[in-house]
Every structure is written in structure tokens, then in C-alpha cells.
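Undergrad: Chain by chain, the residues:
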Amino acid sequence: MEHTEIIIRDNGTLTERIIRERDLSAEGDVLEAMTADVTRTIRHAMPIPGWGMAHANVGLTDTIWSVPIDRIPLKARFRVINGVLVPMFASMTDLEMPMVWQAPKDVRLVFVVRTEVSEGCVVVGGNWLFAFNNDNNGYRLPLPNLHDECTICTGQFESSYASAQAGVSASLEQFNQSKWNSDLMTTVAESQKFFRFRPGNETFTTLPIEAADWTTLCAKVSTAILDRAIL
Amino acid sequence: MKKITVQYGVDSITKQVEGGFTFGDLQDSDAIKAALGFGDNTKALVEGIEQDRRTVIPDGATVRLETAANTKA
Chain A
1 MEHTEIIIRD NGTLTERIIR ERDLSAEGDV LEAMTADVTR TIRHAMPIPG
51 WGMAHANVGL TDTIWSVPID RIPLKARFRV INGVLVPMFA SMTDLEMPMV
101 WQAPKDVRLV FVVRTEVSEG CVVVGGNWLF AFNNDNNGYR LPLPNLHDEC
151 TICTGQFESS YASAQAGVSA SLEQFNQSKW NSDLMTTVAE SQKFFRFRPG
201 NETFTTLPIE AADWTTLCAK VSTAILDRAI L
Chain B
1001 MKKITVQYGV DSITKQVEGG FTFGDLQDSD AIKAALGFGD NTKALVEGIE
1051 QDRRTVIPDG ATVRLETAAN TKA
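Protein chains in written order, with this note's numbering: chain A, 1 to 231; chain B, 1001 to 1073.
Warning: the hint list may mix true and false statements.
Said to hold, decoys possible - Some but not every residue of chain B turned toward chain A, in silico, with C-beta under 8 Å:
no., residue
1, Phe-1038
2, Gly-1048
3, Ala-1068
Unchecked claim - With a cut-off of at most 27 Å between alpha-carbon atoms, the simulated BS3-like pairs for lysine-lysine come out as follows:
no., chain 1, residue 1, chain 2, residue 2
4, B, Lys-1043, A, Lys-220
5, B, Lys-1003, A, Lys-220
6, B, Lys-1015, A, Lys-220
7, B, Lys-1003, A, Lys-193
As the list claims (entries may be wrong) - A short list of chain B residues far from chain A (calculated; beta carbon distances all over 12 Å):
no., residue
8, Ile-1004
9, Gly-1009
10, Thr-1014
11, Val-1017
12, Glu-1018
13, Phe-1021
14, Asp-1040
15, Val-1056
Since the hints were derived computationally from the structure, they do not count as laboratory data.
Where is the CB? At the ideal position from N, CA and C, for every residue including glycine.
Just chain B, with the same shape it has in the complex:
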């Protein structure tokens, strides 16, 4: 288990997650979505750098989620 902090807007939560928990797992997590209010279209950043969905989140990391741009329908 490891501890991560997730920020979305002015809200943030700290959670214990499994060792192999990735940025993609975070972006798809219904529980964290419900807690922070983000949708399906996000990108994950650590210290301002966008992270690959497949990358495992390091223990103690602070992940900032941002709303990603969509394309014109």
C-alpha cells in the first residue's frame, strides 16, 4: 500500500492505494471521481508534468488532475 494526494480544483484528498496503482487507475476510479467531482476527460500532472496513464504513481506523490481539452463535435 502507498499514500497519494490527489488535487482537483481547490479540493484534494489523500488516499491509501495498492502498490501498482497507476495514473490511469486514478483517472478511472469512480470513488475518487465522486469525491473530487471530475469526469472522464482528465489529464494527470506531477509537478506540472503530464503523466502517462500506464505509469505507476510513486508513494507519497501529489497528483494534480486537470480537465483535458476535447475536440469539436
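Only chain A is shown next, with the shape it has when bound in the complex:
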């Protein structure tokens, strides 16, 4: 479409202006390029048996799945010190026990899985464990087997699945079954103030964290994956 305008300028000059419009067929590509970093959040996207609902943050090339969890399975070696059972991750001699640490309400845990679709399969690209405080700052827990940016060192792990639900479920099952060893361990002192249990006759009770502010035992983190995690 084309139309012509005649403009009278302030100095009296007459100017012809021709305006031509045409639709471009590249709108899909342009929109895709402009929204490459835009993600969409879908809460309660799918249930994960035994854990709860997974929320999704969907990007152009991947999806970040967030599963808020209220416990951490701790298959590790433990020792009773002053009547309190604490982890001894580097020990080779203490008793290995399958403990489950129940998180207090102010430690908001999120297990995160990144998936991509490749050749018809859902591929798990990594697992993360974040702890958030009430100000929405993210922290790395004082645990071994966690990288500085909270990637979980999973060891041998099948990465291809038929669905995202199968991939996220398998990641959590791996998390549930894995033993915590001393890999990536810095100091066990913070761990022993954080993960504490009182031995009873038949059960173990999770004890409160031995710090007025639990974040003082953790490292604050900031990453692109953490920004996409959903509480």
C-alpha cells in the first residue's frame, strides 16, 4: 500500500512525502529473537509422587522445574557427639545411616531440574538444591556433593527420559538414594550445626539449627538458574 502526502513547510516550501507499507514475513523469527531470554512461569505444572507439585519456568530452549521440598535424605556416616547425632561426611569408620532431615519453615528448600528436548526425548541437564530465606535470597547449604552454584554432584545418572515428569521423578529418586560423601566438602563444622538429630529409643528427631540465623552457616548464591527457580 502506498500513499502520498503534500506537506507545506514553515518556510512555504511544498514537499511531497510518499509512504509505502508492506507486511514482512519475518515476524516469527523477529519475535523469537526479541523474546529469546523471556521465560514463562507455570505453577503446579505436574505432580511428582512422594514429593509434591513441580512448577515450571519455560524458556525458548529449556525448562527449569522447581519442586519445593521439606526434607533432605541424608545417607551418610554419622557420629553421636554430646548426645547429638551429626554427620561425619569424610569418615570411613563411623556408622552409615539413612537419616531424613526435616527442614524448618524458614529454610525454604527447592530441588531444581533443567530439561531440554532432544530427538524426541527429554534430557535432564542438571540438578540443583537451593535454600531460600524469607527475603528470597538463595543459599548453598553446608553439604558436600554441592558445587558452589548449588549443582548437585549426582554421579552416574541416566539423562534421557520419555517425559519431563519421568526425568524430574528420576532426579529426585537419585537424590533420595544417593550417599553423601566428602566430595566438594569445605568444612564439616557448619554441617554439624545445621544437620542435627536427637537419638530416641526407636527414632531420630531433627533438632533445630544451632545458629540464630541459619544463613550464617551457608553461602549466599546468585545464578541464572536460581533466578528461574519457583518457590
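Position chain B against the provided structure of chain A, taking the given hints into account.
TA: Positioned in the frame of chain A, the structure of chain B alone reads:
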């Protein structure tokens, strides 16, 4: 002197720094570390692009610091 804004997590600060202040100076600054709570293992990004430690931070820049990945011990 120039003014820069530094973000780490949901926290941010705006500071006046010397003209030659680099991204590496920022990542090593104990005062900014204390204010924002980051550690030794970070990377600096401007508009999503990772910056070289030796590069001088432009006046008015907003720098986002992120926790960098470490390798298995």
C-alpha cells in the same frame, strides 16, 4: 569518580568508585563482598554478557554478579 550499581541475588547497591575501577576490583572488593554477601568464586555480567576481570567498568553500569561454577574436588 563514577557511579556503578552492583546486583547479587535480590540485593543491590550503588557505589561511587574510582575511574579505573575494573570488574576484577569489584569481585575482589571486601567492602562490596560484605555488603552483598558474595564469596571469592564469582563472575561479572553486564546485560547478560560475562565481563573480563581486567575491563574497566563504564560509568553508570549495572553489574550483575553471579556465583561461578567450581570443579569437583
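Undergrad: Does each hint fit the structure? Answer for all of them.
TA: Hint-by-hint comparison with the structure:
1. Phe-1038: holds (7 Å)
2. Gly-1048: Where the cut-off is 8 Å and the nearest Cβ of chain A is about 7 Å from Gly-1048(B), the hint holds.
3. Ala-1068: Holds, because the Cβ-Cβ distance from Ala-1068(B) to chain A comes to roughly 7 Å (cut-off 8 Å).
4. Lys-1043(B) to Lys-220(A): holds (14 Å)
5. Lys-1003(B) to Lys-220(A): holds (25 Å)
6. Lys-1015(B) to Lys-220(A): holds (21 Å)
7. Lys-1003(B) to Lys-193(A): It is violated: about 40 Å lies between the C-alpha atoms, which goes past 27 Å.
8. Ile-1004: holds (17 Å)
9. Gly-1009: At roughly 4 Å from the nearest Cβ of chain A, Gly-1009(B) sits no farther out than 12 Å, so the non-interface label is violated.
10. Thr-1014: For Thr-1014(B), whose nearest Cβ neighbour in chain A is about 17 Å away, the distance exceeds 12 Å, so it holds.
11. Val-1017: Check passes; 20 Å lies beyond 12 Å.
12. Glu-1018: holds (25 Å)
13. Phe-1021: At about 20 Å from chain A, Phe-1021(B) clears the 12 Å cut-off, so the statement holds.
14. Asp-1040: Given that some Cβ of chain A is not farther than 12 Å from that of Asp-1040(B), nearest at about 9 Å, it is violated.
15. Val-1056: Val-1056(B) clear of chain A: closest Cβ-Cβ about 23 Å, beyond 12 Å.
In this structure, the earlier hints numbered 7, 9, 14 are contradicted, and the remaining ones agree with it.
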